[in-house]
Amino acid sequence: AQSVTQLGSHVSVSEGALVLLRCNYSSSVPPYLFWYVQYPNQGLQLLLKYTSAATLVKGINGFEAEFKKSETSFHLTKPSAHMSDAAEYFCAVRLMVGGKLIFGQGTELSVKP
Amino acid sequence: GAVVSQHPSRVICKSGTSVKIECRSLDFQATTMFWYRQFPKQSLMLMATSNEGSKATYEQGVEKDKFLINHASLTLSTLTVTSAHPEDSSFYICSASHQGLEAYEQYFGPGTRLTVT
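One line per chain: the protein sequences are A and B, in this order. The numbers in the numbering used here rise by one with no breaks, and the one at position 110 of the first sequence is 116. The numbers in the numbering used here rise by one with no breaks, and the one at position 65 of the second sequence is 501.
If you're looking for bench data, these hints aren't it; they were derived computationally from the structure. A couple of the hints might just be wrong.
[To be verified] In the BS3-like style, the derived pairs of lysine-lysine whose C-alpha atoms are separated by at most 25 Å in a straight line are:
#1 K491(B) <-> K477(B)
#2 K118(A) <-> K477(B)
#3 K55(A) <-> K500(B)
#4 K106(A) <-> K456(B)
#5 K106(A) <-> K74(A)
#6 K500(B) <-> K450(B)
Using the sequences and the hints, build the whole thing.
In structure tokens, the structure reads:
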């Protein structure tokens, strides 16, 4: 069965510091992988997605993620955190076109001034 | 880009009443819509998947008679919470996808906060 694990339910960084949010997946076939951001009382916004093209994926707001098959990981990074990055982040896997999205538990990112 | 709206954004209802939440795809035809429930500080839980013109497919443990889903057109799906109880209070989020180049992507609505008193 496919699953997604996000390491760390809460991550705190200082403004300007590197952001690293971890995501590992389990899947018997190459998956589609996504990172979403959710601000309080709002829906989900797609940050970036991996769909078997380039392993390094660049998304919006300066975020990027690298698909590493050998490590079954898809960690999200941003070189320099901004206060506006404070939000909940979800990693998700989708096995096939039209298939269900399976979400990780979420990681709350706090950014300290 | 693809936009999904939900209405209402926030609703308060009395225990025992029913409430309907609408999910609309504004600029594309959504062949599939999904309904999620999210408890505070938790992840999204898929409740059901609906394809236009077909009966919804419910996830295990979701009461289909309590959470009625209708996907009558390619731009509208509704979720009706029947005989609501306080434990049904939650944040409900819909998403939509469509056939085409971006068929693997879901577009999410802004969510509906339901409070049952």
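> Does the alpha-carbon distance linking K491(B) and K477(B) stay inside the 25 Å limit?
Replying inline: Distance of about 31 Å is beyond 25 Å: violated.
> Are the Cα positions of K118(A) and K477(B) separated by 25 Å at most?
Replying inline: holds, 20 Å
>> So if I understand the rule, the pair passes when the alpha-carbon distance is 25 Å or less; does K55(A) with K500(B) pass?
In response: Given that 25 Å is the threshold and the Cα spacing comes to 32 Å, the pair is violated.
>> Between the alpha carbons of K500(B) and K450(B), is the straight-line distance 25 Å or under?
In response: At roughly 21 Å apart (the allowed maximum being 25 Å), K450(B) and K500(B) satisfy the hint.
>> For K106(A) and K74(A), compute the direct alpha-carbon distance and say whether it is at most 25 Å.
In response: Answer holds: K106(A) to K74(A) is near 22 Å, not above 25 Å.
>> Checking one constraint from the list: CA of K106(A) to CA of K456(B), max 25 Å. Satisfied?
In response: holds, 24 Å
Checked against the numbered hints given earlier, this structure breaks hints 1 and 3; the rest are met.
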